[in-house]
Amino acid sequence: MVKSASRPVPIGIAWTLAVSLLACLQAPPDIGGTIPVRAEDTRVVVLLREADAVADHDPREAARMIRTTILPMAEQNARDAAGVHARDVRAQRLVDRLARLMADRSDTLVAYAGALERDDVAAELAVVRRQRRLEASMLRLDNALDAAARTPPSRGCSAPEGADGPE
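When the letters of the sequence shown are read in order and numbered with this note's numbering, they come out as residues 219 to 385.
A portion of the hints provided could be inaccurate.
Across the chosen pairs, the derived CB separations fall in these ranges [stated by the list, open to error]: (1) Asp314 - Thr286: 28 to 34 Å; (2) Arg318 - Thr287: 20 to 26 Å; (3) Arg336 - Asp360: 19 to 25 Å.
Hints were generated in silico from the structure; no laboratory data involved. Note that beta-carbon positions come from the ideal geometry of N, C-alpha and C, so glycine has one too.
Take the sequences, apply the hints, and build the full model.
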């Protein structure tokens, strides 16, 4: 028996309480594997902006830039994102969202290069809208990943379901 200030507490109860308390002390979601993918996506976006500037005066050259440089980077980044595995469910949900967005980035680049090659203004506008939605989704995910990185370890048992942010 363990003696408390008021009365003795059986060791079994004290052990159960200690184990229950430790179970609630979860580490923050392990999102470290997303850092290189997010950094590479930033490089892809910077190059895409350069291609956008070229597209204003030479759409075919911009399409070539996308197909030869930017798209291979984005496709590799999508594969890298799909290969990231987290230790806990919360982090894995965020990683899965990142992988989906990186795959969508690659698909969007293919569509953009095709629209530029065909000089299809309507298709270009559709891709630009798609790219804006992708960027908004990426910003929401970045915010959720940043919030997950700051999640205090003791939050595990009290965290509501879906606390990793909106999709």
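Verdict for Arg318, Thr287 (Cβ pair) under range 20 to 26 Å = 23 Å, holds
request  = Return holds or violated for the Cβ distance of Asp314 and Thr286 against the range 28 to 34 Å.
outcome  = 30 Å, holds
ask   = Honestly, do Arg336 and Asp360 meet the 19 to 25 Å range at C-beta?
value = 33 Å, violated
Checked against the numbered hints above, the structure violates only hint 3.
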